[in-house]
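Student: Here the sequence shown stands for residues 1 to 157, where the numbers follow the UniProt record's numbering.
Incorrect hints may have been included.
[Stated by the list, open to error] In silico DSBU-like pairs for lysine-lysine, Cα to Cα no more than 30 Å straight-line:
hint : residue 1 : residue 2
1    : K3        : K18
2    : K50       : K83
3    : K33       : K50
4    : K18       : K33
5    : K83       : K33
Just so you know, the hints here were simulated from the structure itself, not pulled from any lab data.
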Amino acid sequence: TQKEIAGIQSATSRQNTKDQVYAQNEMLAYQQKESTARVASIMENTNLSKQQQVSEIMRQMLTQAQTAGQYFTNDQIKEMTRKVSAEVDLVHQQTQNQRYGSSHIGATAKDISNVVTDAASGVVDIFHGIDKAVADTWNNFWKDGKADGIGSNLSRK
1 TQKEIAGIQS ATSRQNTKDQ VYAQNEMLAY QQKESTARVA SIMENTNLSK
51 QQQVSEIMRQ MLTQAQTAGQ YFTNDQIKEM TRKVSAEVDL VHQQTQNQRY
101 GSSHIGATAK DISNVVTDAA SGVVDIFHGI DKAVADTWNN FWKDGKADGI
151 GSNLSRK
């Protein structure tokens, strides 16, 4: 009957929605792990200056966000940059105090990669202390699709 068909369609639709949500959650978890691994790799690269580490981390996070269809305002980008920079500074301070264990770098990398997730959820407060040019540089960088040279763009004032 029509009623039975409608009931089956409804149940099928609900199951499809559950499957989609599960798949999305799995994909997000995978992307989070991958992002954390990339950040840890950047943090462990001692050849990079602090500014280069911040630039690389921001580049990879903004690229990841853009791939997921998330775009940020200049103020959000400035706030993310401030948070990432603070985390990188913390790692560098602790490295000077003692040999920094990879587990610490892993934990910090997870904190750093969560910055973009927090921003996407609207948790970011506006921070006006960072030069607007920094945010403009990030925006232009990933809108233009440039994959290198961001560090040199930022170091020029």
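Student: If a hint holds in the structure, say so; if it doesn't, say that too.
Tutor: These are the hints, each one checked on the structure:
1. K3 to K18: Given that 30 Å is the threshold and the Cα spacing comes to 23 Å, the pair holds.
2. K50 to K83: holds (13 Å)
3. K33 to K50: holds (23 Å)
4. K18 to K33: Cα-Cα ~23 Å, so holds.
5. K83 to K33: holds (19 Å)
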